[in-house]
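S.K.: Could you put together the complete structure from these sequences and hints?
Just so you know, the protein sequences line up as chains A and B, in that order. If you're matching positions, the first sequence starts at 1 in the working numbering and goes up one per residue. If you're matching positions, the second sequence starts at 1 in the working numbering and goes up one per residue.
In case anyone wonders, no lab produced these hints; they're calculated from the structure. Predicted model only: the values in this text are computed from it and were never measured. Here a beta-carbon is modelled for each residue, glycine too, at the ideal position from N, C-alpha and C. Be careful, since some hints might not be right.
Pairs of lysine-lysine residues, derived as BS3-like cross-links and limited to a Cα-Cα distance of at most 27 Å, are as follows [as the list claims (entries may be wrong)]:
| id | chain 1 | residue 1 | chain 2 | residue 2 |
| --- | --- | --- | --- | --- |
| 1 | B | Lys-142 | A | Lys-122 |
| 2 | A | Lys-122 | B | Lys-138 |
| 3 | B | Lys-95 | B | Lys-304 |
| 4 | A | Lys-203 | B | Lys-447 |
| 5 | A | Lys-203 | B | Lys-173 |
| 6 | A | Lys-223 | B | Lys-138 |
| 7 | A | Lys-223 | B | Lys-447 |
| 8 | B | Lys-443 | A | Lys-203 |
Computed far set for chain B versus chain A, every beta-carbon distance over 12 Å [what the hints assert, rightly or not]:
| id | residue |
| --- | --- |
| 9 | Asp-92 |
| 10 | Trp-123 |
| 11 | Pro-307 |
Simulated DEER-style distance windows between Cβ atoms [as the list claims (entries may be wrong)]:
| id | chain 1 | residue 1 | chain 2 | residue 2 | range |
| --- | --- | --- | --- | --- | --- |
| 12 | A | Ser-240 | B | Leu-337 | 37 to 43 Å |
| 13 | A | Cys-177 | B | Ala-415 | 39 to 45 Å |
| 14 | B | His-126 | A | Asp-52 | 50 to 56 Å |
| 15 | B | Asn-128 | A | Ser-125 | 25 to 31 Å |
| 16 | A | Arg-241 | B | Cys-301 | 41 to 47 Å |
| 17 | B | Glu-104 | A | Lys-255 | 34 to 40 Å |
| 18 | B | His-106 | A | Lys-255 | 43 to 49 Å |
| 19 | A | Leu-202 | B | Glu-104 | 26 to 32 Å |
| 20 | B | Glu-338 | A | Ser-240 | 36 to 42 Å |
| 21 | A | Glu-54 | B | Gly-159 | 21 to 27 Å |
| 22 | A | Thr-308 | B | Lys-264 | 56 to 62 Å |
| 23 | B | His-126 | A | Cys-177 | 36 to 42 Å |
| 24 | B | Glu-417 | A | Gly-250 | 32 to 38 Å |
| 25 | A | Arg-241 | B | Glu-417 | 38 to 44 Å |
Next come the chains, spelled out residue by residue.
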Amino acid sequence: MATEEAGDSKGESALSSSANRSNQVPEKPNYALRFTLLGHTEAVSSVKFSPDGEWLASSAADKLIKIWSVRDGKYEKTLCGHSLEISDVAWSSDSSRLVSASDDKTLKIWEVRSGKCLKTLKGHSNYVFCCNFNPLSNLIVSGSFDESVKIWEVETGKCLKTLSAHSDPVSAVHFNCSGSLIVSGSYDGLCRIWDAASGQCLKTLVDDDNPPVSFVQFSPNGKYILTATLDSTLKLWDYSRGRCLKTYTGHKNEKYCIFANFSVTGGKWIVSGSEDNMVYIWNLQTKEIVQKLQGHTDVVISATCHPTENIIASAALENDKTIKLWMSDH
Amino acid sequence: MAHRGGERDFQTSARRMGTSLLFQLSVHERELDLVFLDHSYAKPWSAHPDASSARPTRMLFVTPRRQHESTIESDVPIDVETVTSTPVPLYDNQKARSVMNECERHVIFARTDADAPPPPEDWEDHVNRTGWTMAQNKLFNKILKALQSDRLARLANEGACNEPVLRRVAVDKCARRVRQALASVSWDTKLIQWLHTTLVETLSLPMLAAYLDALQTLKGKIPTLIDRMLVSSHTKTGAAGAEALSLLLKRPWDPAVGVLSHNKPSKLPGSPLILIASSGPSSSVFPTSRRHRFWQSQLSCLGKVIPVSTHLLNNGSGVGVLQCLEHMIGAVRSKVLEIHSHFPHKPIVLIGWNTGALVACHVSVMEYVTAVVCLGFPLLTVDGPRGDVDDPLLDMKTPVLFVIGQNSLQCHPEAMEDFREKIRAENSLVVVGGADDNLRISKAKKKSEGLTQSMVDRCIQDEIVDFLTGVLTRAEGHMGSEPRDQDAEKKKKPRDAARRDLAFEVPERGSRPASPAAKLPASPSGSEDLSSVSSSPTSSPKTKVTTVTSAQKSSQIGSSQLLKRHVQRTEAVLTHKQAQAQFAAFLKQNMLVRKAVPPGSSSCLFVPISSEQTEEVEKEDLRVQLKRHHPSSPLPGSKASKRPKIKVSLISHGDAAGGACAPSQGGAPEVSGGKPVTMTLGQASGAKELTGLLTTAKSSASSEGGLSASPASSAVSSSTAPSAVHTLQSRLVAASPGNSLPGATSASSLLQGLSFSLQDISSKSSGLPASPSPGPAPQATSMKLPTPMQSLGAITTGTSTIVRTIPVATTLSSLGATPGGKPTAIHQLLTNGGLAKLASSLPGLAQISNQASGLKVPTTITLTLRGQPSRITTLSPVGSGAALSEEPAPQALPSSSQRLPPAP
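M.R.: What follows is the structure in C-alpha cells.
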C-alpha cells in the first residue's frame, strides 16, 4: 500500500522531471517491500536475478537452490543435488544455466529449465565459497576455502587453471564485462585482478590496514571495482590506477561475507545488506545513504539488483530465512 | 572517432586522403591530421626549427600519451555503466575469424580413424597410460598442459572484438610451449612420433584443434622437425587425410590476411631498382632470417629488388671484421656502379636493415643513389649516438628515410631527432610504436591494439612507398637535368666536406683511382697511419693484411682502400674521443703530446693500461687469435649460427634482450640448448676435413634437426658453441687471473697449433700467404679438433683449474675468431660510430684488423645485446674479462688495441 501511495505522489514529480530525466538523477529511491518469498528451511546464502530478469535464484544452507518468478514472487522449482550447504549461486548469461558453489567442495552446473545437474566440478580441496560465469558463459570461476581460484571449462567441466591466488579463503570472484579479467577477493585482505586468458595476476589492490575482503565485484562497465571489507566499509576502486575513489559506510559488516551491488536501473546506487538486518542504499556519487530497507529479522547476507527494473532482492540468515523483493519507481 | 563508419568508408576515405589505409587506421595523431586538413598552412608541431631537411616524424601505432588528470576530484561523476567502445579491428574480422577457425573446421583430417566416435569430453580419464615410459608421461603431460592453457585462452578470448589477434598470440604461445616440450626430449624421433599419434588418437576435438594450430605454427618455423614428427601418422592415415593435414599445416594463419591482400601496395613510380644491403656477409647455404626474406618479397611489390649479398673472400678464412665490412660496402658500392653503368637512368634505392642500413648510408655518401631507406637504424653506439661532427653520415646528400622501433635498443626516437637535425640530407623518420630493432612489435602491443606484425609491416611498407614516391617523382621530374645536378652535387660535396675533413673527402671524391699510398699523407691528423703502424708492431700481420688489401683491390674497385683510409683518418680523432670520456682532464695535453710522440707509443697515451702481468698471456692470446681467426672464416653461416649463440650465453637476460638479438631464429629460446651443438655441426660440415673427427658433436647435434636443415657449409667457428657456453664461465675464471694464467697460456699455445693448421688450410684455398708465424701446419689439422672437444669437455668436467682455464683461452680466441661473431662485430663496429669510428675501437685495424677484431668481438657481442649505454658498463667486463684484462669497461676497446703492441 505504501507502494501505491508512493507511486501516486511521485507520479507528478516524475512527469515534471520527465523532460530532463536524462540528465537529472533522482535524489533518492523509494524502495518498498513487494514480496516476501518463503521456502528455504535454513539460512539463505545468496540470491541472484537471472540476466533476462525473469527469475530469481536463491541458494541456502538447506543444500537447495530455489528458483522464483520475479514477476509474481511465485516459487518455481528446486534444484537439489549438493550434499552440503551452498554458499553461492550464479547465472549464465543466457539465463539457462546456474552454477552453485557448495561446502561439499564441488560446484554444480545446472540446467534451469529441466532442473538437472549437468556437471559436477570437482577439484577444490575445501569449501567452495563463490562462483561466477564469464560473460560468454563458457568459463566458470570459483573461489574456495582452499585459498585457490579455479577456472573451469563449462563444456567439459574440466579445471583449466588453478590460481594459487590467496593465503586465506577466497570470498569472492567475478569476471569483468568483457570476460578478459577476473577479480578475486580474500580474507587475506587482498584483491587481485587476473588475466582470464593466461591466469596471470595483473594487479593487486591492497588497503593500508588490511581488513579481510568479504566481497568484490567489477562495475557493470568493468572500469571500477567495488569491494567490501569486514570493517563495515565498501570501497569503489579505480583498479587501473589502484586508487580508491569512494568509500561507503554506515552499515554494519564485520562478520559475514555480504554481497553488495551496483544499482544502475534508476539512479546510480550502491546496495548492500548489513548485519543490522537492513538493506542499505548509498548514492554512488555522493556516498550518502539514501535509503535503508527494514523488514528482515536477521543479517541481510545478500542483496541484489534486477538487471533492468528497479527491483532489489534481499535474503537473510537463519532467524529469518526469507527473501524479500523490493521495488522502487526510480 | 569520426572514421568509425565501417571499414569500407574507411578505406575509401583513406584512399581519398592519399595516404595508406593502415596508416589511417593506425593510432596516429588523428587530431593533428584533421588540423592539417583545415589549416594546410600550419606548421607541424614536430617540425624542426633548425633542420629544414628533417621532415616531421611520423608515428605509427604510437599510442598517444594520454593526459591523466593529476587529481580526481571527488565530485567528478563516476560512470559505472558506460562501456568504452572497443576499437574496430583494423583487419577484416569476418575473414580473420574464418581463418582462425581453420584448424577447428578441419580437425577431423587429423584423425586417423575418422569413423570412430570422437573422444568423450572426459577423454583425459580414458587415456590408457599403462605401458607408458616416464619420458612419455612427462612429455604428454607437458603438451597437455600447454594445450589446456591454450584452451583457457581461447575460451576467455572468445567473442572479444580482437579475438583473432588474441587467438594468434595465444596460439603462438602454445606453439612455443609445445616446442619447448619437444625440445626437452631433443626431438627424439620415436618419442615425438609416438606423441603425435597418441595425441591425435586421444585428444578431444577442441584440444586436437588447438594442437593442430600449434603444429601449424611450428611448421612454419621448423618444417623439417614437424615433418619428421608427422611421418608416422601419414603412413597410417589415408593419403587423402595426410594431404589435407599437410595442406592445413602449410602455413600459419594470419588475422590480417584479408585486409592486406585487398590492399596491395602499388609499384613505385620511375621503376626504381631496390638494392638491399645485407647486414652481414651471407652465403647461399645459410639463408637470411625469415623476416628479412619476407621483407625482400614485400619490397619486390614496389620495384625490382636486388639483394646485395656479400660472399667472403677465401671462403671467409682469414678475413677480419673490418675487411668483411669493407667487403660488404664494396659489394654494395660496386653493385651501384654496375647498375649505373647498365641502367644509367634508373633510380636506385638502397635499403638496409640495421647494419645494412648503415652500409647503405655509407655507400650513399660515396655513390649517387636516389634514396636510402634505413630499417632499424643503429644510432646508439658505445660512444654515444652517431652524428658527431666527424661522422661521415652527416655528409649524406641522399634523401633518407629512417624507420625505427619505439622500443629499439640501438636507437631512440629523441636521439634520432637530434641526429636528424644534423643531417643535411632530406630525411624522414617513422617511429613504429612498441617495436624493437627489427621493427617487430611486442605481444602486449599486439594484444592491446589488435595488431599483427603483418599489418605493422604493411604500414611500414606504405610509409616507405610514401617517402620513395615523393623522392622518385621529384627525381623523375628532374630526370633531364639529373646528371648535371649530380655533377654539381658531386662538385659541391668535396667542398662541403673539405670544410670539415678535407683530407678524407677530397681524395675520395676527386681521385678515387689514385693509388692509396699517394693519398695517405693527405690525412689531416697525420698520426693516423702512424698510430696504426704503431699499434701493430709486429710485421707479420701487417704484411698479411697488405696482401689482402691488394687482393681486394683488384676485385673491388679499390673501395676497400678508400674505406681503410677513411677508417684511418678518423681513428686518431676517435681514439682521442674515447679517451676524452675517461681522461677529460688530459684531453688537451694528450692532443698536444700526440703530435710529438713517436708513432709506437701514441696509442699508449690514451690507454694507459698496460697490464704487465697479463702481457704474457695477451701475447699468447694474440698469437692464438692471429691464427684462430683463420678457422673462423666463413661469415656466411655466421649470422644464423651466431645469434642463437648469443642467446645461449645470455639467456638469463630476459626476453627483451633475447628478442632483440635473435631475430633470425624465431622461437629460439627453447631450443637454445641444442643450438650451440648445431653450430658445431655447422662447423663440422663446413670444415670438411674435420667432419669425421667431429662425429660425436655431430650426432648429438643431429637431434635438433631444424637447424641441420640449413646445412652449415661454413667452417663456422670451430668453437662457437663452447665459447658461447663459456662466456660466462670464462668471466668467472678471469676473475682469478693468477689461476688462469698458466692454463690460458697452455691452452693458447695449444690453440696456436690448431689455428696454424686451419690457417694453413684456409690459406691454401684463398691463396693468401700464410701468416709469417711459422706453424706446424700438417699435424695441426688433426689438432684442430681437440679444441672444441676440450672446451666441451670443460663444460662437463670443469673441475680442475687447468681444465677450467682452457675455456678462457678458447673463449678468447674463439669468440674473437669465430666467424659467428663477426657479423655482430661488424654490426657493432658500425654501431660504434660508423666506419669512421672503427679505428678507435681497433687502432691497429688497418694492419691487423684480424687480431683486433678477434679481441674485440666478445665485448661487442655483449654490447650489442644490451644496446643501452647505461648497461654497457656492467657488461663490457664480460669481454674484457674474457680477455683476462681488468680494465674498466669503457676502456675495453682501447685496451684491446693496447694488447696489440706486445704481440710477437
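S.K.: Each of the hints needs a verdict: does it hold here or not?
M.R.: Hints versus structure:
no.	hint	in the structure
1	B:Lys-142 with A:Lys-122	holds (22 Å)
2	A:Lys-122 with B:Lys-138	holds (24 Å)
3	B:Lys-95 with B:Lys-304	violated (31 Å)
4	A:Lys-203 with B:Lys-447	holds (18 Å)
5	A:Lys-203 with B:Lys-173	holds (22 Å)
6	A:Lys-223 with B:Lys-138	violated (42 Å)
7	A:Lys-223 with B:Lys-447	holds (18 Å)
8	B:Lys-443 with A:Lys-203	holds (19 Å)
9	Asp-92	holds (22 Å)
10	Trp-123	violated (9 Å)
11	Pro-307	holds (40 Å)
12	A:Ser-240 with B:Leu-337: 37 to 43 Å	violated (58 Å)
13	A:Cys-177 with B:Ala-415: 39 to 45 Å	holds (42 Å)
14	B:His-126 with A:Asp-52: 50 to 56 Å	violated (37 Å)
15	B:Asn-128 with A:Ser-125: 25 to 31 Å	holds (27 Å)
16	A:Arg-241 with B:Cys-301: 41 to 47 Å	holds (45 Å)
17	B:Glu-104 with A:Lys-255: 34 to 40 Å	violated (49 Å)
18	B:His-106 with A:Lys-255: 43 to 49 Å	violated (57 Å)
19	A:Leu-202 with B:Glu-104: 26 to 32 Å	holds (28 Å)
20	B:Glu-338 with A:Ser-240: 36 to 42 Å	violated (58 Å)
21	A:Glu-54 with B:Gly-159: 21 to 27 Å	holds (23 Å)
22	A:Thr-308 with B:Lys-264: 56 to 62 Å	violated (49 Å)
23	B:His-126 with A:Cys-177: 36 to 42 Å	holds (37 Å)
24	B:Glu-417 with A:Gly-250: 32 to 38 Å	violated (56 Å)
25	A:Arg-241 with B:Glu-417: 38 to 44 Å	violated (31 Å)
In summary, the numbered hints that this structure violates are 3, 6, 10, 12, 14, 17, 18, 20, 22, 24 and 25.
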